[in-house]
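*Asks:* Listed below are the residues making up each chain.
2 protein chains.
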Amino acid sequence: MRLLEERIRRDGKIRDGGVLKVDSFLNHQMDVELFQEIGKEFLRLFGDCGVTKILTIEASGIGIACVTAQFFHCPVIFAKKNKTRNIAGDVYTSKVESFTHGKVYDIIVSKDFLGPEDRVLLIDDFLANGSALQGLIELVRSASAELVGAGVCVEKAFQPGGEMVRGMGVRVEALARVKSMSVEDGVVFC
Amino acid sequence: MRLLEERIRRDGKIRDGGVLKVDSFLNHQMDVELFQEIGKEFLRLFGDCGVTKILTIEASGIGIACVTAQFFHCPVIFAKKNKTRNIAGDVYTSKVESFTHGKVYDIIVSKDFLGPEDRVLLIDDFLANGSALQGLIELVRSASAELVGAGVCVEKAFQPGGEMVRGMGVRVEALARVKSMSVEDGVVFC
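Quick note, the sequences are listed as chains R and B, same order. Sequential numbering of the first sequence, starting at 1, is according to this note's numbering. Sequential numbering of the second sequence, starting at 191, is according to this note's numbering.
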């Protein structure tokens with residue numbers, strides 16, 4: 001998606017340790033007009049898949065998922081990272097390793113909102129090591145729901161997540177695939 | 191807002207300890223078409239205030255804030271609950287007490303995205319004890335930005351947050367104000 005690639009080239013910042021900062025428009029400050037274009041692109045890619053639910057993970061996936069869901073006319077569910085008192089009863093649960101925070105945490109979704117009748121599209125901002133998507137896939141499978149695929153905004157194609165998730169038989173569509181990046185050469189897309 | 195009140199009456203669940211569960215449409219599963227109506231209502235209330243940024247707090251405020259921001263044609267910033275490696279540099283910080291989780295945590299916003307030139311609307315799903323709003327107000331004041339007001343979906347008017355925040359001189363608009371609730375009588379609105 002050229003619009004997103006251009007935005008990453010213009011406003012993305014490369015930091016030591018393979019960090020691509022896109023927090024001025026994607027995952028801290030959020031450009032909702034860009035999200036609308038992202039949502040339309042996900043609709044173009046997955047619009048014929050009969051999606052009944054969009055599933056994402058807190059926190060930075062939620063905004064993109066909600067704006068996208070308007071085009072699919074379906075609800076969003078976000079997997080929560082901690083079990084709170086407000087979620088009683090039965091939940092599906094899986095584990096996610098956060099490389100940003102350096103820890104493993106549980107994610108949960110209430111069993112009330114995901115079941116065998118659902119056709120689920122996963123949405124997230126980043127695909128790098130694939131741990132978040134893997135956790136979400138496990139939730140969908142626990143619910144015996146149909147997994148339509150995963151739409152991510154930015155894939156770091158030089159990290160193993162994309163290959164791993166595709167190797168699980170899941171359709172993954174990334175709107176911008178970063179082949180390499182460095183302070184000297186900037187961001188190079190696939 | 192009658193649509194939201196009706197939805198709460200129909201799908202909200204009252205639990206022991208003053209918990210109002212609205213997780214089937216507001217803050218776990220999210221009805222984005224309802225969010226659009228909520229966004230239009232916030233525009234009706236705050237549309238003439240020259241809002242340049244919508245500020246919310248992760249996680250459950252993000253979806254409502256992003257859908258609402260489409261009507262204001264402005265970006266959303268969400269305050270993060272933990273300092274991650276991806277946010278380097280200077281941040282505004284304040285503290286929020288979570289009664290749901292029973293702990294106090296720091297929230298942060300990058301100084302890059304909030305400044306004296308901004309006119310800020312706060313958006314959140316719930317107003318109960320007011321701790322989240324208070325933390326967000328402190329961030330806005332730290333940035334020397336202008337606080338336009340706060341729009342919340344549900345105010346538990348029998349808890350002290352609304353009075354406290356209004357007492358700070360902040361305009362608060364709640365789309366559904368719960369006067370009382372009990373398993374016997376259901377939800378009563380102001």
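Just to be clear, a hint being listed does not mean it is correct.
[As the list claims (entries may be wrong)] Here are the simulated distance ranges between beta carbons:
1) R:158 / B:302: 39 to 45 Å
2) B:238 / R:105: 29 to 35 Å
3) B:348 / R:47: 41 to 47 Å
4) R:14 / B:296: 23 to 29 Å
5) B:192 / R:119: 29 to 35 Å
6) R:180 / B:199: 53 to 59 Å
7) R:163 / B:238: 32 to 38 Å
8) R:160 / B:200: 43 to 49 Å
9) R:18 / B:288: 31 to 37 Å
10) B:356 / R:16: 26 to 32 Å
11) B:348 / R:16: 48 to 54 Å
12) R:36 / B:234: 18 to 24 Å
13) B:348 / R:44: 46 to 52 Å
For the record, the hints were derived by calculation from the structure and aren't laboratory data. All C-beta atoms in this analysis are idealised placements derived from N, C-alpha and C, irrespective of residue type, glycine included.
*Asks:* Hints first: check each against the structure and report whether it holds.
*Replies:* Results for each hint:
| no. | hint | result |
| --- | --- | --- |
| 1 | R:158 / B:302: 39 to 45 Å | 27 Å, violated |
| 2 | B:238 / R:105: 29 to 35 Å | 43 Å, violated |
| 3 | B:348 / R:47: 41 to 47 Å | 45 Å, holds |
| 4 | R:14 / B:296: 23 to 29 Å | 27 Å, holds |
| 5 | B:192 / R:119: 29 to 35 Å | 33 Å, holds |
| 6 | R:180 / B:199: 53 to 59 Å | 55 Å, holds |
| 7 | R:163 / B:238: 32 to 38 Å | 51 Å, violated |
| 8 | R:160 / B:200: 43 to 49 Å | 46 Å, holds |
| 9 | R:18 / B:288: 31 to 37 Å | 33 Å, holds |
| 10 | B:356 / R:16: 26 to 32 Å | 46 Å, violated |
| 11 | B:348 / R:16: 48 to 54 Å | 51 Å, holds |
| 12 | R:36 / B:234: 18 to 24 Å | 21 Å, holds |
| 13 | B:348 / R:44: 46 to 52 Å | 48 Å, holds |
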